[in-house]
Amino acid sequence: MNEKTRTRVGGPDDPREGLEAVVALRRMLEALEAAQVENAFVAGWSWAKIAEVLGVSKQAVHKKHAKRIRDRYPGVPPGRKGKDA
Amino acid sequence: MIFDRLFRGFSAEAREGVEAAVEEARGLGHDSVGDEDLLLGVLRVDRSAAAEALSSLGVTLEAAREESEGMTADALSSVGISLEEIRREACEAFEMRLPEDRRISFSPRAKEALGKALREARRLEDRRLTPEHVLRGVLCVEGGTAVRLLSRLGVSPDQVVDRLDGRRR
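Residue numbers (our numbering), protein chains in the order written: chain V, 1 to 85; chain G, 1 to 169.
None of these hints come from the bench; they were simulated from the model.
These numbers come from a predicted model, not from an experiment.
Treat the hints with caution; some may be incorrect.
[Stated by the list, open to error] Derived DEER-like restraints, expressed as beta-carbon distance ranges:
| hint | chain 1 | residue 1 | chain 2 | residue 2 | range |
| --- | --- | --- | --- | --- | --- |
| 1 | V | A35 | G | G70 | 20 to 28 Å |
| 2 | G | R152 | V | K67 | 32 to 40 Å |
| 3 | G | S77 | V | A43 | 25 to 33 Å |
| 4 | V | G44 | G | V161 | 56 to 64 Å |
| 5 | G | R123 | V | H62 | 49 to 57 Å |
| 6 | G | S55 | V | K63 | 40 to 48 Å |
| 7 | V | H62 | G | R88 | 24 to 32 Å |
| 8 | G | E84 | V | G55 | 44 to 52 Å |
| 9 | V | A35 | G | R128 | 24 to 32 Å |
| 10 | V | G55 | G | E95 | 19 to 27 Å |
| 11 | G | R169 | V | L29 | 43 to 51 Å |
| 12 | G | I104 | V | A43 | 28 to 36 Å |
Built from N, CA and C at the ideal position, the CB exists for glycine as well.
Here chain G stands alone, though its shape is the one from the complex:
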């Protein structure tokens, strides 16, 4: 597995989350895995503290995916292009999914988030890196897409951290 080096110290769940993030990025046609894809990835790890803290604030996988698409649509409409209209007018085969044979890497922000996740695990003195740390790392990325996505859903990083801290007590 190409991720072996990256995944050193990761729990099985954290691995699952990051692998899910790669799938999410591909499905949305992203040409790199962004910090917002990591957010989607941890949401896919059922019953993880990360997914539960997020869903308790109304941030579900579906809501986050939709918001990610909404951000793309808004960016396009800022230059006068309607994603919806293209979907309607283009032929049936049109889908944003990244082709299978295309390689995908982690964006600088995603790398930053994973680095901060490790730092968070150390700070909390946890032995293994879990999806919770990945989420904490994602929330640490200032001006990141994930943080903006959450704020569009009316959720601040502090609120999420509070929920995560609450679950530890």
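Extracted from the complex, chain V is given alone in its bound form:
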């Protein structure tokens, strides 16, 4: 494969780096989601509202994040600031 056909596809020259970037992005996406959901929770958003913006069911968000966040902020109900509307 010559230089031209390689660069036409776009992306890094070394396929390994590109593939590693995919792995790193997956991890980063997870970390970002966890952080942003936590952020929204602290800002007083309800699980329903968080789920709506993420485009998933409330159950899905709850299952994935509720335990971790509740453990971190014991006694804080979501949506307590009434910022949901």
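Dock chain G against chain V, hints included.
Frame of chain V, contents of chain G only:
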């Protein structure tokens, strides 16, 4: 302990190293334990021949951790994403750590390294598998992440093996 079967024939130190590798992988947000995490793990076993051989070549736990992050950052920048910038812009809660409830397994390369570690222990006719064998196993993984990490630190597998052999004489 879920590792009981895996750890048959392992010395307490080798166990400690592999368990430390799992912690390192979690801390770095890896979704499996890679061969580079095994390298970090053996570095955490203080006074082990493995950790001492590595540190005599300038490879400390801190240096290796930093390099592992550096490799992630480089991979991301190859597709135009700056890890540093995301760290800066994302909210405080952003950390790459794997959530506690997430299960983690060993990557194929890590399994290969542990298999080769056993082979090395047999070859050297040692009765117990120690962190040194784990390190030797990691160095045997061709094209592995640990070997690349070491080469970024200016250290070749042969150099490490020489140090390990030197300590045996």
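Hint check results:
no.	hint	result
1	V:A35 x G:G70: 20 to 28 Å	22 Å, holds
2	G:R152 x V:K67: 32 to 40 Å	38 Å, holds
3	G:S77 x V:A43: 25 to 33 Å	31 Å, holds
4	V:G44 x G:V161: 56 to 64 Å	58 Å, holds
5	G:R123 x V:H62: 49 to 57 Å	52 Å, holds
6	G:S55 x V:K63: 40 to 48 Å	44 Å, holds
7	V:H62 x G:R88: 24 to 32 Å	30 Å, holds
8	G:E84 x V:G55: 44 to 52 Å	29 Å, violated
9	V:A35 x G:R128: 24 to 32 Å	43 Å, violated
10	V:G55 x G:E95: 19 to 27 Å	24 Å, holds
11	G:R169 x V:L29: 43 to 51 Å	50 Å, holds
12	G:I104 x V:A43: 28 to 36 Å	31 Å, holds
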